[in-house]
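J.: What follows is each chain in one-letter form.
Protein chains: 2
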Amino acid sequence: MEKGKVLFGDNGFDTLNDYLNSNESLSKIIVLADSNTIEYCLPPFLQKVGKLINYELVEIDPGEEHKNIETVISLWNTLTELGADRKSLLINLGGGVLTDMGGFVASTFKRGMKFINIPTTLLSMVDASTGGKTGIDFGNLKNQIGVFNLPEMVLVSSQFLSTLEARQMRSGLAEMIKHGLIADKKHWNSLNNLDNLDITSLDSLIKQSVAVKIEVVTQDPTEQGLRKILNFGHTIGHAVETFYMNTDKMLFHGEAIAIGMIAEAYLSTLKTGFEMEDADKIKEVILEYFPKTAIEKKDFPAILDLMKHDKKNVSGVISFSLLDDIGSCSYDCYALPEETIEALEYYME
Amino acid sequence: MEKGKVLFGDNGFDTLNDYLNSNESLSKIIVLADSNTIEYCLPPFLQKVGKLINYELVEIDPGEEHKNIETVISLWNTLTELGADRKSLLINLGGGVLTDMGGFVASTFKRGMKFINIPTTLLSMVDASTGGKTGIDFGNLKNQIGVFNLPEMVLVSSQFLSTLEARQMRSGLAEMIKHGLIADKKHWNSLNNLDNLDITSLDSLIKQSVAVKIEVVTQDPTEQGLRKILNFGHTIGHAVETFYMNTDKMLFHGEAIAIGMIAEAYLSTLKTGFEMEDADKIKEVILEYFPKTAIEKKDFPAILDLMKHDKKNVSGVISFSLLDDIGSCSYDCYALPEETIEALEYYME
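Order-wise, the sequence lines are chains A and B.
FYI, in our numbering the residues of the first sequence are 1 to 349.
FYI, in our numbering the residues of the second sequence are 1 to 349.
Heads up, a few of these hints could be off.
Identical copies go unnamed one by one, so any copy, or any two together, can satisfy a pair.
Distance condition first, Cα-Cα at most 25 Å in a straight line; then the derived DMTMM-like pairs of lysine to aspartate or glutamate [to be verified]:
id, residue 1, residue 2
1, K87, D305
2, K51, D10
3, K114, D220
4, K249, E288
5, K297, D248
6, K283, D332
7, K28, D305
8, K87, D310
9, K298, D332
10, K271, E339
11, K292, E275
12, K28, D332
13, K5, D220
14, K28, D310
15, K3, D220
16, K308, E24
17, K185, D325
18, K28, D203
Think of the hints as simulated: they come from the structure by calculation, not from any bench.
Small disclaimer: the values here were computed from a predicted structure and weren't measured.
Start from the sequences and build out the full structure, keeping to the hints where you can.
T.: Structure (structure tokens):
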């Protein structure tokens with residue numbers, strides 16, 4: 001099977017059972033989970049994957065604040081103690097923080113052991129777990145350190161979502177909306193007519209989002225060009241997310257990206273000729289799902305400053321991916337600091 | 001130009017000048033060096049590479065004891081402060097410690113920036129700088145953490161060797177002897193008739209060693225199989241090197257590999273039918289260059305214990321690459337602990 005393949009529902013679990021059955025050469029299997037996924041996701045996972053019998057369970061603390069080099073060092077130590085080697089398999093059972101970090105640990109341990117991602121949040125299903133980006137936050141910057149490396153496979157099963165709180169569900173929805181806006185108008189239309197986010201109707205929407213992401217990353221796995229369109233909403237979104245990190249206004253990733261998409265839709269009207277009417281519609285739809293965060297004007301310069309470290313930038317010039325139209329996105333767009341401030345003001349209006 | 005290409009002498013410097021000239025998209029150039037290479041290698045390097053004008057110099061402390069995650073963290077911080085991005089270039093000017101670590105830092109910073117290796121020791125010219133292995137020591141284990149990733153190019157120029165001390169020259173010679181033993185009998189014959197190691201006659205021997213290494217790594221870049229033959233002498237050698245690290249008997253890498261090759265040549269006689277006469281000849285030639293290290297019998301078990309973490313191992317069984325014949329090597333060979341002890345005894349006889 002080609003690396004990085006995304007499998008859905010029971011078909012995924014069956015494939016994993018087959019994989020474990022036919023890979024007697026796997027020297028050790030380690031399941032990485034956090035206290036939440038151990039409680040809610042590990043039992044149903046083990047029930048589905050009967051071939052997973054001998055494994056070591058490694059627990060980490062949940063939360064973005066632990067997605068750092070200290071946790072990575074502790075995991076490298078744990079893998080060393082467990083006697084893991086290049087023929088061992090790490091199964092990452094968790095949200096985006098866990099699959100990003102587990103992927104990085106596996107990719108760097110002894111220059112690379114195998115790993116499989118089992119995303120347990122909507123956000124990680126439609127975004128973090130696929131596409132080969134691994135990494136950790138560093139020096140207050142999101143995903144500053146990492147590598148591109150594909151997991152053996154990704155298993156997406158919406159059954160893990162039944163215990164997910166509403167705020168986390170919404171966080172995933174933001175990335176799905178993004179997929180529609182940048183590449184799939186029909187998907188956008190389905191999402192903005194959503195009455196409420198129930199799990200059964202979600203399956204096909206998840207598949208559609210994953211399809212958009214795979215289509216893009218297959219064409220440009222290491223983000224030399226096209227893949228940057230997946231960063232629509234993320235230049236401003238990441239900066240806002242970082243700004244409020246570790247404060248009492250801490251945002252979920254999707255909540256920050258929701259803000260970023262509204263602001264960058266406005267920026268698109270200044271830069272690409274994107275219709276103001278469409279920007280207003282995006283703002284209206286997104287604000288229905290995501291209540292407005294009060295960003296104070298005095299904080300705009302500090303947020304702007306954080307954008308200077310965005311990984312898309314070259315030579316310190318802040319780079320954006322902006323909409324040309326609903327369902328179409330350009331990358332390597334540049335905006336002036338005052339235009340970016342204007343975009344934040346548009347969000348706050 | 002394909003990534004990872006090794007260029008020799010002035011041709012290499014000319015190519016780098018052309019590269020710098022034609023790559024206006026490079027956002028920043030950072031030269032990583034240590035106090036030794038800043039003194040001895042940077043001035044001649046800058047003289048040869050006239051197109052390198054605007055660059056930032058980053059200095060690290062020399063020595064294997066700094067090849068660790070703390071130095072990596074400090075370099076990630078420095079790159080962040082310098083505003084380096086994915087279009088920046090890191091030029092690693094130094095020995096194997098520096099090129100291994102610099103390659104790892106570049107490969108993981110923002111999920112990968114470009115890097116070029118300029119090896120300044122014989123050892124790094126014939127081994128560390130080519131083939132795409134990057135990494136650092138971790139938890140007392142050599143190169144435990146790292147990734148496979150090719151530099152833009154590798155420039156090999158023996159002019160840097162003029163200031164290298166004899167002990168470091170010998171350290172490189174060990175890997176060259178290894179190249180002959182595992183894959184090129186003629187190369188082995190040239191090396192064991194060497195009267196003294198002078199720089200001019202060395203050029204063609206370096207080229208021959210690099211040719212052996214490239215031939216092997218091209219066939220198996222991520223060490224799934226064949227590449228393991230480059231580890232002849234390294235299972236025992238790495239363990240001995242680690243054992244004496246930070247003691248007053250600290251060995252250079254090549255010195256440890258010299259011990260490992262003698263011991264593993266003996267092990268080959270037990271396992272592959274390698275001729276005892278050839279093992280004795282290897283011992284005789286190597287001991288001419290590398291005075292015997294007194295390894296105490298009481299330390300054998302601790303050294304054996306260190307082999308359990310060798311990256312070639314699977315499921316805790318210690319794996320060796322052993323000679324079938326002079327110029328031919330097998331991998332995935334297993335030996336009993338008592339046979340390995342016997343091999344160390346053979347070295348000490």
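J.: If you check each hint against the structure, which ones fail?
T.: 9 and 18
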